[in-house]
Structure formats: structure tokens, C-alpha cells
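S.K.: Just so you know, the sequences run in chain order P and H. Here the first sequence stands for residues 1 to 444, where the numbers follow the numbering used here. Here the second sequence stands for residues 445 to 834, where the numbers follow the numbering used here.
Derived by calculation from the structure, the hints in this document are not laboratory data. Certain hints may be false.
Pairs of lysine to aspartate or glutamate residues, derived as DMTMM-like cross-links and limited to a Cα-Cα distance of at most 25 Å, are as follows [said to hold, decoys possible]:
id	chain 1	residue 1	chain 2	residue 2
1	H	K495	H	E542
2	H	K604	P	E187
3	H	K495	H	D745
4	H	K495	H	D481
5	H	K681	H	D722
6	P	K376	P	D399
7	H	K495	H	D478
8	H	K495	P	E305
9	H	K604	P	E411
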Amino acid sequence: MTARSLRSSVVGLLVLLLAPAARAQAPVPAVDATEPEPINDSEGYTPPPEGAGSSLSINGYIDVGFAKAQGDGTSFAPTDTRVPLDYGVDGFAPAVNSRGDAASTDPGPGRTVNGFLPRSAGIGGRPSFLLNTLDVDIKYAVPGAPVMFFSRVQFLPRFFGLGDGGDGTRVYVEQAFGRLVPFDSQELALSVGKIDSVFGIEYLDNQANIRTGITPSLIARYTTGQSVGAKLFYRLQIAPIWSALSLNVAATNSGTFIEVLQPPDANLTGAPVASGRLGYELNAPVLQAKLGVSAMAGPRNDQPERSADQRAYGADVRIAVAGIYVNAEYVRVNEGQGGQKTTSVGTFPFASAFWARGGYVQLAYALALDAGPLRKVTVYGRYDRRHAWFEGYTPITVDRITGGIRFDLWEAVILKAEYLDNRELAGAPTVANNVFTSSLVYSW
Amino acid sequence: MRLASGAAVLLVIGALGACDQPRPPRPRLWTLFDVQDLYADGAPGTYAVAKDAGLPGGVALSTMLDPVDHTSLAVQWGWAEGYAVGYTTTEVWAYFDEVWAQPMYVPVTGWSGGMAQGASEQPIFSVGADSLFYSPFWQMIYVEVPDGTATSVREILDGKFPLHPARGWTAALAPADVGLGPMSAMPSGGAVMGTGWFDGAPAPFVKFPVAPFGILPDEVIEEVPIFHFVFVNDQGKWVAPAIPSVLGTGPLYAHTPAPVDTYGVPTPQYSAYWRVYDVVLPSSARVFAPDGSAPDMALTDAGVKVRSTAYGTDVVDPANAARVADALGRVVLNDACFGSLDSVLPRLGNCLYLDSQRAIETMIAQNAIVRTEVTVTCPLVNINGAAVTP
Numbered sequence: 001m002t003a004r005s006l007r008s009s010v011v012g013l014l015v016l017l018l019a020p021a022a023r024a025q026a027p028v029p030a031v032d033a034t035e036p037e038p039i040n041d042s043e044g045y046t047p048p049p050e051g052a053g054s055s056l057s058i059n060g061y062i063d064v065g066f067a068k069a070q071g072d073g074t075s076f077a078p079t080d081t082r083v084p085l086d087y088g089v090d091g092f093a094p095a096v097n098s099r100g101d102a103a104s105t106d107p108g109p110g111r112t113v114n115g116f117l118p119r120s121a122g123i124g125g126r127p128s129f130l131l132n133t134l135d136v137d138i139k140y141a142v143p144g145a146p147v148m149f150f151s152r153v154q155f156l157p158r159f160f161g162l163g164d165g166g167d168g169t170r171v172y173v174e175q176a177f178g179r180l181v182p183f184d185s186q187e188l189a190l191s192v193g194k195i196d197s198v199f200g201i202e203y204l205d206n207q208a209n210i211r212t213g214i215t216p217s218l219i220a221r222y223t224t225g226q227s228v229g230a231k232l233f234y235r236l237q238i239a240p241i242w243s244a245l246s247l248n249v250a251a252t253n254s255g256t257f258i259e260v261l262q263p264p265d266a267n268l269t270g271a272p273v274a275s276g277r278l279g280y281e282l283n284a285p286v287l288q289a290k291l292g293v294s295a296m297a298g299p300r301n302d303q304p305e306r307s308a309d310q311r312a313y314g315a316d317v318r319i320a321v322a323g324i325y326v327n328a329e330y331v332r333v334n335e336g337q338g339g340q341k342t343t344s345v346g347t348f349p350f351a352s353a354f355w356a357r358g359g360y361v362q363l364a365y366a367l368a369l370d371a372g373p374l375r376k377v378t379v380y381g382r383y384d385r386r387h388a389w390f391e392g393y394t395p396i397t398v399d400r401i402t403g404g405i406r407f408d409l410w411e412a413v414i415l416k417a418e419y420l421d422n423r424e425l426a427g428a429p430t431v432a433n434n435v436f437t438s439s440l441v442y443s444w
Numbered sequence: 445m446r447l448a449s450g451a452a453v454l455l456v457i458g459a460l461g462a463c464d465q466p467r468p469p470r471p472r473l474w475t476l477f478d479v480q481d482l483y484a485d486g487a488p489g490t491y492a493v494a495k496d497a498g499l500p501g502g503v504a505l506s507t508m509l510d511p512v513d514h515t516s517l518a519v520q521w522g523w524a525e526g527y528a529v530g531y532t533t534t535e536v537w538a539y540f541d542e543v544w545a546q547p548m549y550v551p552v553t554g555w556s557g558g559m560a561q562g563a564s565e566q567p568i569f570s571v572g573a574d575s576l577f578y579s580p581f582w583q584m585i586y587v588e589v590p591d592g593t594a595t596s597v598r599e600i601l602d603g604k605f606p607l608h609p610a611r612g613w614t615a616a617l618a619p620a621d622v623g624l625g626p627m628s629a630m631p632s633g634g635a636v637m638g639t640g641w642f643d644g645a646p647a648p649f650v651k652f653p654v655a656p657f658g659i660l661p662d663e664v665i666e667e668v669p670i671f672h673f674v675f676v677n678d679q680g681k682w683v684a685p686a687i688p689s690v691l692g693t694g695p696l697y698a699h700t701p702a703p704v705d706t707y708g709v710p711t712p713q714y715s716a717y718w719r720v721y722d723v724v725l726p727s728s729a730r731v732f733a734p735d736g737s738a739p740d741m742a743l744t745d746a747g748v749k750v751r752s753t754a755y756g757t758d759v760v761d762p763a764n765a766a767r768v769a770d771a772l773g774r775v776v777l778n779d780a781c782f783g784s785l786d787s788v789l790p791r792l793g794n795c796l797y798l799d800s801q802r803a804i805e806t807m808i809a810q811n812a813i814v815r816t817e818v819t820v821t822c823p824l825v826n827i828n829g830a831a832v833t834p
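Next comes chain H alone, as it looks inside the complex (with noise of 0.2 Å):
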């Protein structure tokens, strides 16, 4: 007997001492309550979260909220359709397959000719930021109820108030203090600060205004890719320097077309939920950062020796910055137009720009579009230069 238990108990010795299988990575969901938390640990803003992902480098806190007052949404630069657009990131997620968009609750006065009257501007949310089940993705639902009167999902329910569910809405649960700031590097807006309700609870937000998503069966979100631009350094590894990414306009390879206006003009109303997808480009692939520039000292930054040594002497001159400032970060396959100050100037030269989803898609190889593991929330507070208006 003596003998057996000893023996048993090596074996459950033996057996948890043994090498441990592989686990599938965790889920995990990243809100600007983390990022603040980060920062408030210590955190620069040059940590990045999700780095594990596919994503090289992950994402750098500093994307998200100012590094220094923590409290200001950081307004990023990126291509659309070959347009310049800013953006502000307010979610990380990684390793999810699909996020959801949940009820949240507009009191309103009444309801007119399918019009919603008096709507409050307090929304009532149903999730809170701790769930991995939350997004900022809401599939608004008005209901009639005099404001203040509810404030949670069971009070809605429990009153039988007369529901009418509308249109999808991004509003990222955030704190209190967190806002687009008043510092931004492009004209930025369209990011309004207000306070709902969660659980009887007020629930600060930011809302944007544009940012239609598409909400498939069983609530998912529809994610579009934004890519992000690889280069193999000379350790063969990868790495994502911080130049602009291009934003995409629907699957890949689904030739979907850009949000226009009837007059064909841009407008911000692309996906605040995209998938990064890394792009990763060729070895003669160049970017265009002259001596100086901002994109030149973020390939520095990571070590990237793309260089180009093709800039004509007009277009390094600095009489002429202002007009080649739309060209900086936008990578080419061959850079030999770099040579004339007519020929690297957007939509006009003869450039061959990755700057939109359409042209990455048209000359990147296949497997060099690469899925990653990362989705992120990018609403748009800049189209082209303008600012987004609420």
C-alpha cells in the first residue's frame, strides 16, 4: 500500500513537471481606462500593447492618448483612397475573431413620423469597459421615456417603454477627461465628450459622429483592414515604422467602393473598426522622407534603411516643402520618380503610391498582406485636410 502511494504520487509529480503544451493566446482587449492606467503605472508612451499579435511592435501607448497629459486623444496620419486622413485610436483588441455591437438606450420624448423627438443626450449603455464583450460599436435603440427616468438596460426593459432601434453608433466608454486635445497636429473633430449611464452609474464617453459599421448576424461588428507597412531590416526582422497606414475600404480584394459625396468628394464616412494587416513590402520599396522629415526620423527611429537616394534637387529644395508636404510617408515600389518635383506630387505625378487599398492590393503580392491578430477602433476626425464636424 506504502509502496503504491508513493509511487502514485510521483507519477502526478512526474506528469505536472512535464513539458506544458502550447496554449492558445488570450484574448485581450485594450480601452483608453487601460492606457490611462498604464500611463499612471509608470508606463512611457513608447510601451506598446499587443505586441505579440502580428503587429510589429504593437501599438505604442502614445497612438492612443497623449504622452504627456494623458488625457488627449493622439490623432494619427494615415492615406485613404490616396487622401490624407487623421485618425484616433481608442481600442486594442487581440486575438479577438469578432467583436460585438450591444443595445444602447436614447431616452426620448417621443416619436413623430418615425423621427425621434427630445432625444437625451444621455445614452443609457448596457456593457461596461471591463467586459471583453465590450465595443464601442452601439446599435442605438430610442426609447420612450422621459430622461432621467431610467438608467439602466433593466429599466428599459422592466418599463415596456415603446422601442425603436436605429442606426449604429461609435461612442468609446472613456475617462471623464479624455477628449480630442487642444494641441492637434492636424485640424481634428468631430470627437464630443459626454456622460450616460451604465448600471445607475454616470458612464463618460467620447462619441464620433461618422463612422458607419456594419453590423452582421449575431450582432459582429464587419471589420475592414487598415494596413500597416512592414519592412524587413537587415536582421531579416520584421518592423513597423511610424509612418502613415493606409486605410482600406472593405475586404480584401472586394473592390469596395469609397465612402463619396453626390459630387464625388471623400467624405470621413469610412469603418472605425479595422483589422491590421501587415504590408510586407519589397526590398526596393522606398519612402518618401526627405532628409529631416518626419517619416525620415520614424524609419530611423526603427532602424530601417530605406533611404532613398533619388530625390531630385527641386524636390528637396525647401522652397518647395509646402507642396511636396503631401507626398511625406507615402511609400512607392520604385523610386526613380522621386527624381522631379512634378512627378512625385499625389493624384498629379506619376507616383505609384501605396495609398489606398486598391493600389496595395494591385501591386503587393498576395502573402505579402498579411492578417494579423490585432483590431482596432480608428474613428476619423480629419478628411483631407478638414476637419471632421460633429
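Next comes chain P alone, as it looks inside the complex (with noise of 0.2 Å):
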């Protein structure tokens, strides 16, 4: 990052600094007391556990964020001119909100991609504001029945960039669910609908509001995507060792891949792709450690045919203990080749076989305080590692060191800045991709 361009971040952030306290003076809106820290083996974040009071209620939250990449906000070298560009670098690491969207993923003239690329911020490598997400959550618990509603509606502006130009907005219905409990004296809920994944931990903090740091690990795309289908959960408690065994199966249309690697909201091979998650927890006095293993496999959804599988693996631990929380994951993910390519961005000429595995390492502290409008501070860090390969093409291995800060104002602000330094480290040819990133939630 060159000074001028750093100066243009700080100067960023101290405005995103600046907003709460300008607003400390207004009335602070009631805020949901059942809105839940994220608590592994549940059935995902959302919706919260239901809670007395209204049967109905509208809960949300406004990211605004401030983010300056280096270079052109891509991953692709100037001079780099094979075909397809998106699969020899990851596109997908110069991220700059909890979205993972990228900076930029303009390839520029006369080059072609292949559908492999997150959303795009639309911003290149200048320094920007963003309205990262505006996020609307209704529930409706019906009165009498063991029956819930939830939607999450997400308005997402974007915009596409210089040169292609024009407005990107796109209104995103993100989840969209019923919920059936049928059994008072048991952990068992049947959700149908547009629902959360159930693979690994990281989905459990796809949200900005709930998210320790801002963006997504590196491999987020495989795990974390939600889509429509259904998932059935169980939790035993075994009350006499303080632990908990859970598990979380789905079937739905696209698996755990985000929305923009496969579509969720149609099938297009015909068949249902399974996943789930067994899940061990260990509640402690002084110590949590929740451990899980996930698998997924199906046709892969981002093409026609059936016997263009999926597969992936994983192994998940969060341990928290005296303010320190450790998440860690690993995951495989084998795809066979399929097909023309289909994904919610466009279609593309194949679905190529594709293999990868990574993981992640975070840490974070957080430190609670009573110093006015400050009631925690948290700082963390996390190492991510990704190595994958098209078929025929040249594997890439990168890795990515994320360090940042976290304020919690009132409770109903949150104030996060991030340092992402992305490393080519086999395959991909080196590029300045670094990210210096923020972002200003608003809970309400």
C-alpha cells in the first residue's frame, strides 16, 4: 500500500469512527434481548431462539463500510493472459466486506474469465465507501404452535465498475424459512425453506452484526452458502459431563457453495445435494470447545448434468476460554466435470473439474469494558491457507494473514477494521492484492 493511498484509509476510518460518536446524542433503539451471540451446534445463526413477547418482530442491521485494495482491485496480473484469467489466481482474495465481495473482479478488455469470482464491490483499487448491506430479518412466531416463520431480505448497492458503468443493486432474499418443533421435550426442528448451510462453523457468522472480523476466510465459498431445500436438527444433551452431540442434515438445491459459485434458488440437475454436520460441544464452567465434522455430496449445481458430483469434507473446533476464542476449519473439496456452467452471474463455457482444500486459523480476545459507549474491545487475527486446481490448468497455492480491531458501541454499534496481506505463494502469479478494509454496523 503506498502512503498516499494509506492516508486515504485513515482518513476513511477516522470518518466511520467519527459517525457513532456524532450519533452517541441520539436515543439508542431497544435492541432485541434475544439477538444471540453465535453459538455453535444451534441450527444456525438465524433466527434467534424464540423469546417472550411479540409473536412478530423485524430485527436488522446497516453495514456501511470504507475499503482501499492495492493494485487494480483484482487478483490478475496486467500481463496475465490465459484463458480463462479466473482460474490460475484467486479472485476471491482481495475481499473487502463480510459479503466477500471483492474489490474489483474486472478483468479488463479482451480478457475471459470463467465464472470462479465472488461479487464485486465495484470499486478498483480506490479507496471508497460502501453500502455493504442493508439487512431486514422479519419473524413470526405463530401463537400456540410449534411453528416459526423467518426472512431475511438483504438490499446489497453495488455498483459494476468504471467502464462497464451503471447501477448493480440487486434486493437478495438471503433466507426464507418455516420451522417446525414438533416435540416440547426435545432439540429437534425441521426447517424448510431457503435456509442457512449446515457445513463447518463459518456460515454461523456470515452476517456483518455477528462476524468477530469483516471478511470471509478463503474458503468461505465452499462452505457457507445458503440455499432452498430442507434440514433437519438434533441436539442431546448430556447434562452429567456438561456436553452436548448434534447434528444438522439438509437436502437442497446447491449444497453449501455461495450463491454466486451455484445457485440456490433452482435445481438444475434434478437431484438434491446432501450435507450435514455431527457436532460434539463441551460446555464447561471455564472452558467451551465445540468440535464437528461436515461432508456434503450431490451434483454439482452450477451445471445440468447428474453425474457431475460434488464432494466435501470437512473438520471444524472453536474453543473459547477466558476471553480467548480459537476457531479453526479445514475443508477437501473435490468436483467433477460437468457440463456448460451455470451460475447466478451468467453462463459460462464449462464447469471443469476442480479440486481444493484449505483452512483457517483465527484467534481473537476480547476484552469486555464499561468505558462510557465502549463495552468491548476485541482484537484477532486469522491465518487462512488455500490450495486448488483446475483440471489441466496450473494449481495455485496462496495464503492470507487478517489482523484487525473490533469496538462494541452501546448495543448497537460495532466499529471493525481489517488488514488483509494475500500471498501467491505457488502457481498464481504475484500480485499486489492487499486489502485494508472497515466496516460501521448498525444493529437494530
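With the hints as a guide, bring both chains together as one complex.
M.R.: Pasting the structure below:
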């Protein structure tokens, strides 16, 4: 990062820092007391457990960001002319927000990509404010019935970027489902609709108001996607040893890949994708530990052939002790070759055979405070590593070191800032694609 | 609850068991590696690939690699602007709308006056033959780096070495033992074996010297038609016998001039990337294929009963075999001209042969020229009886 761009980033951060202070005189909206900390082995972050009070609740958040990426905001080397360009680099590396949007995915004129890219914030290498997400959650618990309905609609203002130009804003239904809890005596829930992933643990942190840091890991693209289908959650408490076992299984259109890679809203093969996680949790007085193994299998939903299968296997661990939180996850992904590729952003020539192995370790320390509006300060760091290759294409190995700080103000405002040091270790050309990003989240 | 669960299970099973909707065909690519693998698995030379893509019978392995030694490039016979040509087939694509040129880096010791100095014999390829994005059509880029210093694209790009984009280059990645065989059916040349680099590992290839191809925007390779003759047999089925095909010069009906030198003599500078078109012949069509000739046997093998009865006695006189050899395998719509030796001779007689793109476009109805989903790499190794030189 150059001195000039760093100055721009600092100015932007200061603006974000001042914003909540300016608003401090305004009345703070009431916060839903049931808004949870991310709790692994629940059915997922959303929705929170039914609480007392109104059967209808409306919650949400606004995520405003400021980010600056190096270079042109992509991971493409200027002189790289291979076809497709996105096979030989990690286009997800320069992420700027909790949705994993890259600063840019523009390959430039005359260069071809094949649909292995994230959504784009369209800011290129220029420092820019972003309205990352306006989220509206509506929950309705049917009085006197073990049934609850939930919808999460997100407004995503975007710009296509210089050159292409134009408004790329989307209104996105991220979740919409009904949940039945048939037995009062059992932690058993059946959800049908557009639901959260059940693979691993990172999907629990998808939302900006929940995630410790800002950007998702380098493997989040495989594990954190929502999809349409059904899932069943069951948890068995073993109280004498402060433990519980849980099983979370789902059958959906697209499995757990994110929507930009595999469209979740229609089944392109006619066969569902199965996924699940088996978890163990220890809730001792001074130590909480959660372990899990996950798997996914079925036809890949970015092409029409049932014989083009995808498999993913993963393991995860979360430990919390004395204000220190450790999260780690590892995943292996195998995808067979399929027919013409179709994703949420268009059609592409082929769904190439693909393999990936990767994981991350995140360490966070949260210090609770009572200093005016400041309630908590969290410092965190994460190490990501990813090795992946398309058939016949150069395998690439990349890693990322992320460091950041988070301030929780009152109960409704979160300010986060982080720096992503992206490194191309093998295969991919070395590019300047580090990112400074920040996020101001208002929950309501 | 139990009833509802059972109903849901039945619903899912019923849905999965319902009639499956037809799916678009999967794009397929066969390289020389695949052909050797098929042979190694016991496939005979008559085994064909790309059988369901519009070309009746598909592309036989024996038209790519010799069915006996599995290493010699097969040389096929065709017509280009009425001249006999020989060509090899190194790749077959099915259901590809387009293929792409990929960068290929050639280390040079220097650059002077717009010319490369000390070009390496070991190019650095950017894509492997296993990728569906592979093609043997490379955008050659000279890179000023000492030979052997870089063996991968990453090293080239990270090194920030001076790059000089140049012309296209046709080089099929191939098993190390593949090349033109010593016993080719006709004088053949131009195919040079070599070894380059891909991702730091040796990458054998067969390079062809003269096969200019157009590179369209987004690195798409311009395709040119190659015409295969198709007969309709007694059962109404399309059959493509192994008679010479016709190499085109440009897009259909574009009347693209043929590549000739300054004296108007045909050169081998035809495209190497072809889209196969079926030319569905009317029942009157006949092949110049006297009894016992190679095209006669090809027609017999294919079960095509279109034997001409119009041959004059001097035409089938063994003493004149050499004179009529150049007419063997040529197709006419009216075989009355087969009655005299003078008429039969190509370019000299009055037989109207379908031996050029212009002749086909002129004499065959447009709806009988049918685009297939098959494209091929077919560089020329012989032009008008002479071997192509490297």
C-alpha cells in the first residue's frame, strides 16, 4: 500500500470512527434481547430462539464500509492473458466486506473468465465508502403452535465499476423458511425453505453484525452458502458431563457453495445435494469447546448433469476460554467435470473438474469494558491457506494473514477495521492485492 | 406428523423418479494423449470419437494416430481449391462453440530491430492438455530471459521480463513419441517434435510450421469449414465414407481467397482449425472410384451403393492409372464426364468436381451443407503432392 492510499484509508477510518460519536446523542433503539452471540451447534445463526414478547419481530442491520485495495482491486496480473483468467489466480482474495465481495473482478478488455469469481464491490483500487448491506429480518412465531417463519431480505447497493458503469444494486432473499419444532421435550427442528448452510462453522458468522472480523475466510466460498431445501437439526444434551451431541443435516438445491458459484434458487440437475455436520460440544464452567465434522455430496448445481458430482469434507473446532476464542476449520473439495456452466451471474463454457484444500485458524481476544459507550474491544488475527486447481490448469497455493480490531459500542453499534495481507505462494502470479477495509454496523 | 413425513418422503422419491429432462450434450475434447490411452485400453483403429455430434460415424482413431504403432500421426487426403493436400488430425472437439488461443512464452536472449535474438527451442506453455481450455493454438510471446531460467508462467510474469507478443503458433501437446511416421502414405513434412515446459515440468509437443489462424477478440480462434461428404443410404441413414474431404478457405459463402504465393501457386497456409460441415449429396452424386481403388473400397466399407457405371474404357485402363490418379476420390453430381479420359482429368477436363469450397457452395443447396458440432485441428503436411517444409 502506498503512503497516499494509506492516508486515504486512515481518513476514511476516522470518518467512520466519528460517525457513531456524532450519533451518540441520539436515542439508541431498543435491541432485541434475544439477539444471540454466535453459538455453534445451534441450527445456525438465524433466527434466534423464540423469546417472550411479540410473536412478530423485525430486526436487521446496516453495514457501512470503507475499503481500499491495492492494484486494480483484482488478483489478476496485468500481463496475464491465459484463458480463463480466473482459473490461475484467487479472485476472492481482495475481499472488502462480510459478504466476501472483492474490490473488483473486472478482468479488463480482451480477457476471459469462467465464472469462478465473487461478487464485486466495483471499487477497483480506489478508496471508497460502501453500503455493504441493508438487512431486514422478519420473524413470526405462530401463537400456540410450534411453528415459526423467518425471512431475511438484503438490499445490496453496488456499482458495476468504471468502464462497465451502471447500477448493480440487488435485492436478495438470503433466507426464507418455516421451522417446526414438533416436540417440547426434544431439541429437534425441521426447517423448509431457503436455509443456512449446515457445513462447518463459518456460516454462523455470515452476517456482518455477528462476524468477529469483517471478511470471510478463503474457504468460505465452499461452506457458507444458503440454499433452498430442507434441514433437520437434533441435539442431545448430556448434562452430567456438560456436553451435547448434535446432528444437522440438509437436502438442498445447491449444497453449501455460495450463491455466486452455484445458484441456490433452482435445481439444475434435478437431484438434491446432501450435507451435514456431526458435532460435539463441551460447556464446562471455564471452558467451552466445540468440535465437528462435516460432509457434502451430490451433483454440482452449476451445470445440468447429475453425473458431475461434488464432494466436500471438513473438520472444525471452536474453543473459548478466559476471553480468548480460537476457531479453526479445514475443508477438502472435489468437483467432477460437468457440462455448460451456469452461475448466478451468467453462463460460461464449462464446469471444469476442480479440487481445493484449505483452512484457517482465527484467534481473538475480547476485553469487556464499561467505558461510556464502549462495551467491548476485540483484537483478532486469522491465518488462511488454500491450495486449489482446475483440471489441466496450474495448481495455485495462496495464503492470507488478517489482522483487525473491533469496538462494540452500546449494544447496537460495531466498528471494525482490518488489513488483509494476501500472498501468492505457488502457481498464481504475484500481484498487489492486499486490502484495508473497515465496517460500521448498526443493528436494530 | 408421521403421516406428513411419509408423504414428504414419497413426494421426494416420486420427483426423483420422474422422467428426466434431456440435457445439453457435454463438451468433449480428445487430444493425442487420449487417443494413445484409448489404444492402450484396447480400442481398435476403427473406434471413433465424437460420434454423436453430427458427423456420421464420428472421427476414427486411425485418422489421428497409426493403429499399429500408436505413435505416428495419420496423414489424410483431401482437396483444397482442387489441389490434393495431406493433413493430420491432432485434436477433436465436440460441442465446443469456440476454442481459445493461450499464451506461450519463447525465451529469447535479446530483441533487436523488432526481431527476436536467440530464440529458445523450449517454449513455456500456459495450459495443459487435460484442460477443456487447452488448444494447440498459441499466442507466441517472446520473453527476454535466459533460456532455462523460467519454466512456468508464474516465473515469467513475476520476473517482469520484457514481453514481445508475436504471431500465432500451432503446437499440439503430445506424448513424447508422437510425430510423423516414416511410412506416411504421401510425402509429408513440417511436423517437428520438441519438448517445452508446463508448470516446471517437461511438456513434449509436435509443432507445425505454417498454419495461420485468426485470433478474434477474447482470444477466440477463428474457425474455417472442412467439408465431409455424406451419402444417404438405402435405409435413409447418413453415411460418411472415408473419401477425401474438402478444406475451405474462410467462412461459408464469404468467398475468401485461397492462400497462394506471389506467383499464384497454392501454399499450405490454410487454417489448422476447422469446423466440420456435412455435405449431404443428392442421389445423383458419384465418386470417381474405379473398381479396386482406395475410394471404391471406402465406399464399399461404408455400405454406400453409388458406384458409377459411366467409366469409359480408357478411364479404367490400367495403363492410364497414373493419369487418373489425381481424380480418385473426387465427387461429381453428374458422372457422364467419367466416360472419357480427357474429361476426367481435374482442372483440365470438364468434370465439375466438388473439390473446393466455392464448388460446394455453388453446386450444393445451402440446406444440404450442415454444420456439425465437431471441430478439429488439422494442419497441412502435404500440398499438391509435395511435403510441407518446416
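S.K.: All the hints need checking, so say for each whether the structure fits it.
M.R.: Evaluated hints:
1. With a CA separation close to 19 Å, the supplied pair K495 of chain H and E542 of chain H stays within the 25 Å bound.
2. This hinted pair does not check out: K604 of chain H and E187 of chain P have alpha carbons roughly 60 Å apart, beyond 25 Å.
3. Between the alpha carbons of K495 of chain H and D745 of chain H the distance comes to roughly 17 Å, so the proposed pair stays at or under 25 Å and holds.
4. Among the hinted pairs, K495 of chain H with D481 of chain H is consistent with the structure: their alpha-carbon atoms are about 18 Å apart, no more than 25 Å.
5. About 13 Å separates the Cα atoms of K681 of chain H and D722 of chain H, which keeps this hinted pair within 25 Å; it holds.
6. Straight-line distance between C-alpha atoms of K376 of chain P and D399 of chain P comes to about 29 Å, which puts the hinted pair past the 25 Å bound.
7. Of the pairs offered as hints, the one joining K495 of chain H and D478 of chain H holds, with about 15 Å between alpha carbons and a cut-off of 25 Å not exceeded.
8. This hinted pair checks out: K495 of chain H and E305 of chain P have alpha carbons roughly 19 Å apart, not beyond 25 Å.
9. Under the criterion of a C-alpha separation no larger than 25 Å, the hint pairing K604 of chain H with E411 of chain P is inconsistent with the structure, at around 51 Å.
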